[in-house]
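Undergrad: Residue numbers (my numbering), protein chains in the order written: chain A, 7 to 81; chain B, 9 to 154.
One should not assume that every hint holds.
Straight-line C-alpha distance at most 30 Å; calculated DSBU-like pairs for lysine-lysine [to be verified]: (1) Lys51(A) - Lys37(A); (2) Lys88(B) - Lys37(A); (3) Lys148(B) - Lys44(A); (4) Lys47(A) - Lys40(B); (5) Lys14(B) - Lys40(B); (6) Lys148(B) - Lys94(B); (7) Lys88(B) - Lys47(A); (8) Lys89(B) - Lys47(A); (9) Lys51(A) - Lys128(B); (10) Lys44(A) - Lys14(B); (11) Lys63(A) - Lys148(B).
Facing chain A, according to a computed beta carbon distance under 7 Å, are these residues of chain B, among others [unchecked claim]: (12) Ile30; (13) Pro34; (14) Gly35; (15) Leu39; (16) Gln62; (17) Pro70; (18) Asp84; (19) Ala85; (20) Leu112; (21) Ile134; (22) Glu136; (23) Tyr140; (24) Leu142; (25) Arg145.
No lab work stands behind these hints, which were simulated from the structure alone. Where is the CB? At the ideal position from N, CA and C, for every residue including glycine.
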Amino acid sequence: MLVLTRKSNESILIGDDIEIIIVETGDDKVKIGINAPKSLKIFRKELLEQVEEENIKSAAPGRIDIDAIKDIIKK
Amino acid sequence: MIIKTKFFNEIEYDESSILDFIDGIPGFNELKKYALINPEDGLDFRYLQSVDNQNVCFIVIPPALIVGNYDIEISDAAEKKLEITKPEDAELYVILTIPEDIRLMTANLKAPVIINTKNKKAIQEILEDDTYSLRERVLKESDVSC
C-alpha cells in the first residue's frame, strides 16, 4: 500500500483518470473529494462490509417455512 | 441441466437461463453462476440459487412489493458491466433476510440485484445515496402486532 501525507487542498493522481483531493482536514476526520470516471463505483468501505454481512445472513437459514413466507409476502 | 438446490434437492434447470454474476455477490465473490427459480406460478418471490454451492440460496422479491416507487438510478458502472442498452432490459430484485421470527423479515433495498434479461449478466449494485435501507421491514409494525 502506498502511503502519502497531504495537506488541505493537495491532490493525488491515480492513473490517467482519477484525482483525490483533500478538501478539508479536521481533528478526527478528513473531507475528501474524488474526481473519477462515472464508470467507477465509489463508496465508503464499510458499506460494502455491511452488504457482505447482510448477504451472509440472508443466505444462512437452515430451513425455511415456505408457506409462512408466502403468506407474509402476499400481504 | 441438473442443479443441486438448498430447498428442493435436485432440479432440472434450463442452462441458458443461468445468471452470470460477473463480480459474484458480496460475501460470496467466488460464486458467479446462479439460477433464478420460480417456486410456483402466481408467487412473486424467487429463489436465487448458486449453481456451484448448494448451500448458498437467497430469497428475493421484486422491490415493488415493498416500496411502490422504487425509483433508482442504475449507475453508469452497472450499465457498463451488464451491457444494458435499454432500461426495459433490466430486472430488479431485492434480497430478503429472514430471522427466527419471520414476521421480522427485512429486504435489502440498498443493494438491489440487477439483471440484464437479454444477456443474463447480473450484479448486486450498492446504491450510493441514503434513500433506501439495508434492512427494510417487509411487514409494517401494525401487521406484526396482531
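Undergrad: Under the constraints set out in the numbered hints, which ones does this structure not fulfil?
TA: 3, 6, 10, 12, 15, 16, 17, 20, 23 and 25
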